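Protein chains in written order, with this note's numbering: chain S, 129 to 645; chain P, 182 to 560; chain X, 57 to 316.
Keep in mind that the hints were calculated from the coordinates and are not lab data.
Don't take each hint at face value.
[Stated by the list, open to error] Partial list, computed: chain S residues near chain X (C-beta under 7 Å): (1) 165; (2) 193; (3) 205; (4) 228; (5) 229; (6) 230; (7) 232; (8) 527; (9) 613.
[To be verified] Okay, the calculated bits of chain S under chain X, using three or more residues with CB under 8 Å as the criterion: (10) 166–172; (11) 210–223; (12) 454–468.
The model shown is predicted, which means the values in this text are computed figures rather than measured ones.
Yeah, the Cβ is synthetic: ideal placement off N, Cα and C, and Gly gets one too.
Residues per chain, in single letters:
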Amino acid sequence: MDKQKARSTEMTRRGFLKMFGSLGLVGATATLAGCSKEPMGGKGWLPQQYQAASSYPSQVRGRVPIDPNNPSIMRDDEKCILCGQCLEVCEKVQTVFGHYELPVKDEVICVNCGQCTLWCPTAAITEKDDTARVLEAIEDPDTVVVVQTAPATRVGLGEEFGLPAGSWVEGKQVAALKKLGFDYVFDTNFSADLTIMEEGTELINRITKKSKAPLPQFTSCSPGWVKFCEYYYPDLLEHMSSAKSPQQMLGALIKTYFAKEKNIDPKKIFSVSIMPCTAKKFECSRPEMNDAGLHHGDETMRDVDAVLTVRELARMIKNKGIDLNKLPEEKYDQLMGTGSGAGLIFGATGGVMEAAVRTAYFVLTKQDVPEGLLNLKPVRGLEGVKEASLDIPGVGTLRIAVAHGLSNARKLMDEVRRGESPYHFIEIMCCPGGCISGGGQPRTALPPSNEVREKRIASLYAKDASYKLRLSHENPEILALYEKYLEHPISHLAHELLHTEYTSRGDKLTAKGSKLG
Amino acid sequence: MAATNTQSWSFRLTPTRVLLFILAGMAAAIALWRLIVGLGPTTNLNDQWPWGLWIGFDVLTGVALAGGGYSTALIVHILHINKFNEIGRSAMLTSMLGYLLVMAGLFLDIGQWFNFWRPFVSWGYHSVLFEVFWCVSLYTTIQVIEFGEILTERVAKPWHKFFRKIMPFLLIVGVLLPTMHQSSLGGLYLIEVGKLHPLWWSPFIPLFFLMSSFFVGPAMVAVETSLAGRAYNHQVDLKVLRGLAKIGGTLMVIYLALKAIDFSNRDAWQYVFAGGLESNMFLLETIGGVIIPLIILISPWGKTRSGLVTYGALTALGVVVNRLNVVITGMVNYYGPGYIPAWTEIVVSAGLVAGGILAYCFIVENFNILGHHEEHEAA
Amino acid sequence: MSKGVLVDLTKCIGCGSCTVACKLYNDNKFEKDSPAIGENPKLTDENWTIVTAKKTEKDGQPVWRYVKQQCLHCEHPACASACFAKAFQKTEEGPVIYYPHLCVGCRYCMLACPFDIPKYQWEKSFPLVTKCQMCSGKVAKGEAPACVSVCPTNVMTFGERDEILALAKKTIESDSKYVKHIYGEKEAGGTDWIYISDVPFEQLGFRTDVTTTPLPEYSHSFLKYTPYVIVGWGSLLTGMYLYTKRRNKIAQEEKKDVHL
Ligand code: SF4
Ligand code: SF4
Ligand code: SF4
Ligand code: SF4
Ligand code: SF4
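Kindly generate the complete structure, drawing on both the sequences and the hints.
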């Protein structure tokens with residue numbers, strides 16, 4: 129009504145004539161409608177999509193359910209063409225959809241991996257956009273906005289700016305972040321190294337029976353995988369390393385160690401992470417991810433305040449009119465800006481395992497890491513399940529396995545569940561190829577192709593090979609951190625800030641083919 | 182007083198009439214706007230409340246109030262109770278104007294107004310609305326033709342004979358049709374079973390609508406003749422008014438009794454004093470609009486002109502409230518609140534009434550309406 | 057025989073594919089402020105079907121159920137019986153369809169439908185009533201409606217009404233989780249779309265006080281008297297007219313007053 133009023137008062141002579149013009153049109157259509165004796169309703173699938181209205185669309189298959197409150201992904205119904213690609217990846221590649229009994233319980237089952245955002249041909253499914261919150265924090269002069277960038281982002285971001293798959297843009301990414309107004313730019317590679325220290329120590333404790341936790345130990349740095357395990361293998365959660373993911377470790381340290389070193393009120397810090405992953409948005413919102421807050425006695429404080437995917441970062445850069453290609457290379461800020469090659473290869477499937485083995489070898493044997501462990505071929509590459517046995521002098525044979533993509537994870541998990549798993553350590557990455565092909569990476573190939581994955585992986589390994597610093601335990605900033613703040617791996621403080629617990633989500637679904645839940 | 186055949190057309194402009202003209206003019210402008218842009222921008226109707234003030238007031242109430250026409254026609258022309266003759270013409274005029282306004286209101290309310298004729302050719306005879314539609318449109322036509330008799334006293338005089346000839350037929354059909362559509366307007370709500378509040382929904386709702394439309398006739402006549410009487414210095418004999426009111430009153434007693442029986446049958450007494458919007462509105466309609474008028478009628482006051490006018494006004498208001506209760510109050514419980522008439526809807530409704538009053542004044546001032554005593558010569 | 061669809065609410069995951077299919081098939085618009093899925097979606101002129109997320113309880117445990125809603129294609133459609141221009145018609149195959157060119161726009165159908173299904177194009181100059189047409193074109197060819205065919209979990213089964221009714225009966229009898237009620241078997245005199253569920257229907261927002269008498273019968277119980285009223289009342293009026301007139305004439309001739 130009000131709109132109408134406003135419109136009528138604004139009526140100009142031209143508008144008036146126009147109105148009568150359109151009235152004529154309305155009248156004409158009305159007459160036409162009046163002539164047609166057809167009943168209401170469609171005559172076939174939407175023509176623009178399927179060329180000609182007909183009953184036989186080539187691909188109309190339905191789609192995955194998405195909770196409107198999903199912290200990671202959302203969908204624009206208007207763009208969806210029901211092609212079923214999301215179903216395909218969710219059900220076949222990630223074995224999430226269709227692997228629980230109906231009726232559902234009280235949750236939309238989703239591990240937040242975001243693979244569907246990579247498969248959706250129309251980009252109907254996207255990451256949940258958090259850029260506005262981040263921009264707001266940047267614009268607030270009182271807030272210190274700290275950002276970290278995950279290993280895989282630096283071989284993905286370039287693709288959003290026309291560079292070939294796998295282009296190395298680490299320095300440009302740092303420059304872009306500074307230009308966007310982030311106050312400190314840290315590297316998640318640093319906390320990947322830290323993860324190796326903590327998780328590696330934990331593994332050794334398990335092997336040497338210092339800890340009662342069972343073997344094999346599972347890596348815990350992939351939040352999609354963690355949630356998957358909580359849903360489908362809650363009985364195996366004891367196997368999960370208690371070490372937090374690198375993102376959450378760095379998040380906790382930014383509001384404690386960094387705040388202390390720089391003498392900044394942690395309440396004024398807004399901590400952002402740039403991730404190749406949509407599940408990280410879920411991870412940072414997990415209720416228990418507030419250890420820095422608890423440390424300061426404020427449980428509402430989050431360790432990481434916002435997660436942006438690489439695609440969101442690219443959007444922010446483009447919206448600011450920044451040309452990534454023209455930026456100079458810049459360096460990460462000191463204190464937590466140095467990462468080893470081991471930390472870097474976290475971004476590829478098998479990378480965590482390789483990094484862990486390098487350090488474990490050194491810790492267990494106190495010997496230099498042999499060349500073979502600096503290029504651990506059996507766990508590299510895109511084969512779904514990879515395994516290796518390593519002889520560690522004086523200790524024995526270390527059996528390891530690596531899987532990426534949750535359908536592959538199931539193979540290893542079922543073995544563990546049956547008590548037939550021969551391994552000591554299992555690395556699982558939720559997304560096929562690892563983080564380099566995470567749900568937050570550029571949509572360079574649709575659906576993601578191994579060719580693109582391989583290029584991104586190759587880029588990481590090439591950089592690792594070129595680094596002098598290739599072992600986590602040699603990272604000087606890590607050593608400084610333990611010396612100045614944490615004392616030693618799994619120290620009391622390290623346990624408080626860097627380790628976590630898991631929740632069984634077995635009661636949220638009835639897994640198919642199981643009597644559990 | 183009323184016109185004689187040789188006078189020129191006359192129409193006085195008083196300040197009240199200017200006001201009425203303004204109101205009618207605004208209504209016309211809004212109506213035009215509504216016909217162009219549709220219902221959404223111009224009314225507060227919505228998917229939850231597809232029917233609102235226009236149907237509730239302009240149509241349902243309008244038809245009921247215009248019912249004075251057929252009840253007097255029945256009394257005067259069919260039963261030939263001559264003492265009521267003198268109010269015959271004015272009652273039927275009000276009724277005709279009422280129906281024309283109802284048609285106008287309906288026309289504004291239907292979405293595809295260019296398609297209004299469709300039910301004449303595409304017969305949805307399962308629908309109660311079909312009966313309403315046919316009866317109301319035929320009846321309006323018949324009333325216009327009936328008015329032809331008055332009209333041809335002054336213009337197109339050669340036709341007057343013809344009109345007098347067909348009058349008996351018109352009169353009979355003119356009572357038959359309203360009997361049907363007054364009840365079928367209630368019948369429309371039969372299908373609202375479970376939606377319309379049990380205070381109003383009843384398998385007898387057609388009968389209640391019929392009866393109330395009948396007894397509101399004498400009530401309206403009382404109000405209207407006193408208004409017109411004051412304006413045109415023409416007082417209808419008190420005896421006539423009282424006689425009519427007695428007929429109406431008798432019907433009201435039967436109406437109340439039937440309602441009581443119906444309530445007992447349907448176990449609906451529990452809602453009457455349940456408090457809340459519905460029961461309050463129901464009590465208002467029943468006590469204020471039926472019981473109090475009845476008491477007035479029995480009391481000595483009912484023998485005076487002012488008493489009868491009060492009786493008439495209350496009864497008429499009671500029927501207005503009843504119709505609005507059916508359309509709006511009785512649906513609130515089911516649909517939830519979500520409709521308050523827009524100012525445009527109110528202005529159009531008021532403007533229609535204003536237009537009706539103006540037309541009434543014009544016709545009364547130019548045709549032989551108020552002073553008419555029909556003598557029944559051989560037809 | 058009329059076709060129908062059995063909706064097994066226990067299988068619905070709330071993906072909303074059906075709502076999108078309906079729009080893709082019928083070329084209906086997506087409206088940002090009026091989504092077809094979520095906790096509070098609304099049927100509108102563009103949303104012929106919606107899926108409502110109901111966060112409810114079963115055996116004391118919180119459960120989410122999703123309810124797909126559209127026209128139920130009543131066996132004795134109130135909307136069609138209410139339309140005085142025959143714009144709504146029940147086809148032989150089951151769908152209750154709407155002919156825009158016949159519609160006058162009185163909206164009595166909207167009031168009449170016991171499930172409040174028909175919606176109106178309020179913002180248009182010449183608005184039409186809209187509702188699910190059960191993809192009548194597809195059904196006429198023996199194909200399942202668009203929404204039925206895209207459902208990834210096969211919530212809906214399309215078939216002859218008596219066959220799906222038998223299937224529904226068998227399903228609820230053979231599986232104890234179901235409530236022993238087939239919604240639409242009797243409601244409003246029977247509908248062609250029927251529902252089964254493991255959570256009582258009233259918890260899911262279904263109208264459970266719907267009469268089991270076909271709604272058109274309410275109107276019919278009244279309309280059936282019309283011919284009698286016309287003939288009876290008509291002749292009575294004529295009789296009275298002639299009688300009283302004659303009596304008055306005689307009275308007049310006798311120069312007497314008549315008192316009644
Ligand atoms: S994010 Fe992953 S788990 Fe969730 S719907 Fe998409 S593919 Fe499935
Ligand atoms: S992949 Fe995208 S377009 Fe295809 S069905 Fe899924 S959401 Fe719709
Ligand atoms: S559900 Fe309503 S709109 Fe559909 S056929 Fe029945 S009465 Fe008509
Ligand atoms: S049957 Fe057809 S029109 Fe009806 S809801 Fe399904 S897709 Fe829409
Ligand atoms: S397509 Fe099937 S599962 Fe998805 S919302 Fe519709 S009925 Fe439910």
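Status of each hint after checking the structure:
no., hint, in the structure
1, 165, "6 Å, holds"
2, 193, "4 Å, holds"
3, 205, "6 Å, holds"
4, 228, "9 Å, violated"
5, 229, "10 Å, violated"
6, 230, "5 Å, holds"
7, 232, "6 Å, holds"
8, 527, "39 Å, violated"
9, 613, "43 Å, violated"
10, 166–172, "holds (count 7)"
11, 210–223, "holds (count 3)"
12, 454–468, "violated (count 0)"
Hints 4, 5, 8, 9 and 12, counting from the list given before, are not met by this structure.
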